[in-house]
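**Student:** Below, each chain spelled out in residue letters.
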Amino acid sequence: MNRDPKIVAFLCHWCSYTGADLAGTSRVKYSPHVRIIRIMCSGRIDTAFVLKALREGADGVLICGCHPGDCHYQSGNDKALKRHIMLKQMIGQFGVEPERIRLEWISASEGDLFAKIVDNFTEQVKNLGPLNWKETMRPKSGEYHEQT
Amino acid sequence: MARNEESRVGVFVCHCGVNISSVVNIDKVVQAASQQEGVVVAKDYKFMCSTPGQEMILADIKEHKLNRIIVAACSPRLHEETFKKVLFTAGLNPYFFQMANIREQDAWVTEDKELATGKAISLVTGAIRRVRLHESLPTREVDIKPGVLVIGGGITGIEAALQIADAGHKVVLVEREPSIGGHMAQFDKTFPTLDCSACILTPKMNSVGTHPNINLMTSSEVTDVSGYIGNYDVTVKTKARFVNHDLCTSCGDCMEKCPVKVPSEFDEGLEKRGAIYTLFPQGVPNKPVIDAENCLMLIKEKCGLCEKVCEPGAIDFKDREKETSITVGSIITATGYKFAKPSILRDYGYGIFDNVLTAPEFERLNNSAGPTVGEILLKDGGKPQSVAILHCIGSRDKNFNEYCSKVCCMYSLKFSHLVKEKTGAEVFEFYIDIRAAGKSYEEFYDRIREEDVHFIRGKVGSVTNIPLNDEEKGKLVVIAENTLAGKRLRVPVDMVILSTGLECSDGVTDMTRMLKLSIDKDGFFIEKHPKLAPTETATDGIYIAGCCSGPKDIPESVASAQATAAMALKLISKGKVEVEATTSWINEELCAGCKLCIGVCPYNAIEYDEEKGISILNEVLCKGCGTCAATCPNGAAMARHFNDQQILNEIEGVLLS
Ligand code: FES
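Chains as they are written, first to last, in the working numbering: chain A, 1 to 148; chain B, 1 to 657.
Here chain B stands alone, though its shape is the one from the complex (with noise of 0.2 angstroms):
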């Protein structure tokens, strides 16, 4: 539509139930927009966004032939996508479209009813003002990629990989450790089904390491990422390992013959590995690295053992640090958690006395591919003859992770379980609630219950090994406070299990800044919406599965790999992709050729002209932040529908009433 077409603008309210209504003076908002200049129709309606609604809007775009859309309801993140719809199926450019944010920067953050509809009235005005010089913009549309980057290696990655490779569709599977796995592969049986975990685990395992679609990275690690839904350009840095996985037949022949002991990570410490190691025995690839920091020979050059014993000649002491680059269409990240390790630890006698243990040690332990062959044990080899367990070490506590880790209590009743089943030993849950929502969850709890573990209520203060009578000489004591009795407790016990929660893992802060996501105060990456698009985020074609949004049980974390693979199929079946026109452009005869904009631009979009003497931008690489905008004296460059004068008459409208 030409500039200086008379402008019809439609102003449609939303109450939202009583949200907005019962805040704001609806028909206030209605009257004063209807007085606006260029307004043709201002009407209020229950719930704008519902069938009926929209179809208000239609109707009224045809009966009145409206050139212009004013929503004032939700905010524009929530809905305006489902109103630019209403304008395109109308016939109209879904950009002739203003949403004015009444509910979440007005109605729920005011109790004041005269001013909350005063500032509505202003946001309004200021709307109408802005849409009146809003112009029609082309869609523009970009081919999706085939390939899918999924980042990280657990469960959840492993899941995503498989469904999109199963689908018929290349996947790139980066995985910093030298194997995949995860978590889940430390863990001797998953709750409530008690289920082997690696009996699970690890036929997905061998399928990703044998699927003809998924190229496996492990030992490497996302270092960039530029580009746009369908087309990221994305750096996978991959370690040296030192050994040739094309020549190494897994005989572990070098491994026995390491002199080198180091604390085993898999196995949180509690046993040794050598320098040239796998992660664990039924690893994906099932080929050793040599740990650059540990080895004799890549440190002082003395040693190499394990290359007079390599028969295929596999090891390569010569190896380097790769770089790789790939282009994918989409992302999925499931860079998973960590177990906390809170300073508060030390007050229940954690790194002091032997028999404390972090709950991913107990996994350790109790696994029988872990270091006592899954024998509960003490330090000294004895048979514990009494466990407690202390739940919420460092969750749901103001001083350090305020959140629920949702996970903690279901598997400290499995813990219960398996000390009883094990070792017969009496078992104390030291709690403060239990919360067993789940499947099976709470009858799994029940089931604990009848197996003679003692429940107490109550937080646990401290752990000491100083006695104060006889019953409790060479044991740790576990000073609590029974809340339901109130009484305070002395628990003489063997061992201590510190139930600890889930935090995200190390290396978000770099992965929010490469792919442009957001943390929550958690430090979980945050999702573009917490109900209807938990998967999803803000930035297009990027997807959050498993843990890295938030502490998930196994079923949760599969099931949300399944659907961010479905996202990322969804991309790929399209084949193509809207995306946003709001790119900035410059007028060629006002500018200078001053070529300040060149130095602003984040995405170097703007190349210098030599024979015009002006600057040219590439629309395909702008991303529409307007920086040149702001910074261009002449007004050349522009900022396509946050243009000055769109935004200096919103700055009119809401600032008149």
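Chain A with its partners taken away, still in its complex shape (with noise of 0.2 angstroms):
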């Protein structure tokens, strides 16, 4: 169990970053470990971010877009989907647990659900415990992509 886990929430702009802030307009309360960064779009997500969260001290992930079809870019969402697919089965070929990215679809009207969906998530990451790839990685910081 992890009282404090660390979660990083990558949100597209244009639907699910706009839910999360209705969730606080609505003033419906939920789970504080999580970090939320915006992004345009879904498809934005490199892999990069998200073994960089983990590698960072995050015990899980989330990236939450628009509804298929409704993506403000038309098709981004297509790509974080399979991107996502790939993701989990590097990351638990890494030895981490798959269950520690989660991708889902956030309208701009959906507070609610992404109220509970933070919430249900960060039970999850809570009962995989503490992910520490920091420790056990130990990478040097800023070496994947020192090249740009």
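For the record, the hints were derived by calculation from the structure and aren't laboratory data.
Be aware that one or more of the hints could be misleading.
As the list claims (entries may be wrong) - With beta-carbon atoms standing in for the labels, derived distance ranges: (1) B:Ala533 to A:Met137: 43 to 51 angstroms; (2) A:Met86 to B:Asp166: 53 to 61 angstroms; (3) A:Met86 to B:Lys300: 36 to 44 angstroms; (4) B:Gly461 to A:Pro130: 54 to 62 angstroms.
C-beta atoms are modelled at their ideal positions from N, C-alpha and C, and glycine is treated no differently.
From these two lone chains plus the hints, build me the complex, please.
**Tutor:** Next up, the structure:
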């Protein structure tokens, strides 16, 4: 059990981030362990972002985009879905439980649902215990992307 | 500014009155921020978005030579633009800014003060790490094409189109029915003034039909929209009408001869129309169309009577569906509503008993141009002695529409008055609450009460024709509970009117996709801001008016139409608009020419340059989703303002504490 899990959530600007804002304006309470990072589209999620988050100490990573067919950029969420499947396999091969990452569709009106998903995912990550990848991997910080 | 220039960050934490400060310990956030590398000043203030707040930032930029700014406050969706302007005023590039959302995504969603404070510190730290890598981006300006597209020809679309056209600008008004007019054309009287709907609407319809600046496209639907603010390319599909409107003289001979009889949509099925028909006699354009699904000539090549009687030779059975491409600078969506038809209607005998009507059906029954020439009659032609009006059918109901449709109470009161006036029948209004908020609405309610209408507070359970006594024989019996008296009631009546609510009109899903709009849980379009930008949307240059964003009465619809017209005119008079500079770009030196980005780009903005052997990105077409950047295995495709290193730094920052 991990009482104080660290969770990073990547939310697309158009639907999911708006949905998360709605949870706020409606004063829906949810687990405060999540740290939201805004991106323009779920299609922007680079595998490197998820790995970086896990490596920097996140115990779980949540990715939220618009519902299928609703992506502001037509099809970014399809790409996110495909990449997500690959990502799950990939972290599995690294010995990380695939349940530590999750992809969800949240529309701009689903503030409630966003809160529920965060709570549910937080519970799941808590039960998996701390990941501590930072300790076990011991990478040199910034190494992966230094070429850019 | 060069990348390696030392970054001097200013962090400004907002209390938002007590909205943030009652949960987040502001002092601790300021303290933590001031210890971060690169931070020169960290301050807090009650209302950072107010003029003194903005001036404080401005003064600190000058005094401390700040070149990167963080505001930790509400959502960037609310005030990012406000603060970017402050940077601009200070002579800084507006992209040297980042907001940390510690209100909507922290203080408002957490009660645990300690964790909320920790979360705020994390978000601010992420923002600081990120902003240090922000790059100066040039502002891009695009020209605004002068035309405006208005979708939907109800009172809202009509008003918006006329306002813009009267200002001297071109409008294309697209309506899917054969005539404009919308629901308002179906009504006889409007509340609370009881003025004649047609008398106030038809002059406006005629102005649309004859206005030199309005291109009216009826029987038409928008099928594709691409582009961006100032430059929308739109495809409009016009159904085959089989009548050449340039030749047609509107004599009406064809309609008299047509042997087909099908239920009229405009009359809510209470009357029949031919296969060649006009939507209603005062329609604009007032020329008939042939409905291909019911025309005998078009189905089995038998008949052709209309063609024979048409003197000018306007009938053209070879007519085909047409596609038209137009370019406009902005789009006003006025797609309106439809009356709900919830399954619960059957519980009230709708579709089972003769004299159970929905509200729109009653509107037609009562209309002087309707099937009974405005007489309120029972199916058998008799006059009703008693009428029940049932409020909130399928509205304010968890199983159907949870929301209040706003207009039903008022139109129900109007119905009461009309029934009383025309038939003298006894009227029973079964209501949950009477909602009469609006100018002169409460007074109208008072007036109806004085007309001896029985108001019974309580929801009706069902309507039956099984009598329990002689009085109920041959009647419709309304079974309800009077919640004020705590009594069960059985009220025998001759006619039942079901006051159904408003729902977003059909086809909204297609509109959502084409225009990149979002819909709320009730199916209506979401405004850019519910209070401060109620007619704007998340997509620049696309505006929403009337009931497509939620139930409205006529004055509100007209006001919103005028508001959207002002938005569109604002763009036209500016002539240019600044657009986001946050497109992607491809570093030619890193590109290996693998073409993966080309495949994932939804806008065909990337092309392969055979000569150089690399991919080239067209920034005019790019909308900045960043999918190419996520796909490029070499890091050559990069998303401006959301580049890898900026996001990686933010990740590091939010996980630091
Ligand atoms: S914009 Fe939301 S997933 Fe693409």
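**Student:** Take the hints in turn and mark each one as holding or not.
**Tutor:** Hint-by-hint comparison with the structure:
no.: 1; hint: B:Ala533 to A:Met137: 43 to 51 angstroms; verdict: holds, 46 angstroms
no.: 2; hint: A:Met86 to B:Asp166: 53 to 61 angstroms; verdict: holds, 57 angstroms
no.: 3; hint: A:Met86 to B:Lys300: 36 to 44 angstroms; verdict: violated, 57 angstroms
no.: 4; hint: B:Gly461 to A:Pro130: 54 to 62 angstroms; verdict: holds, 57 angstroms
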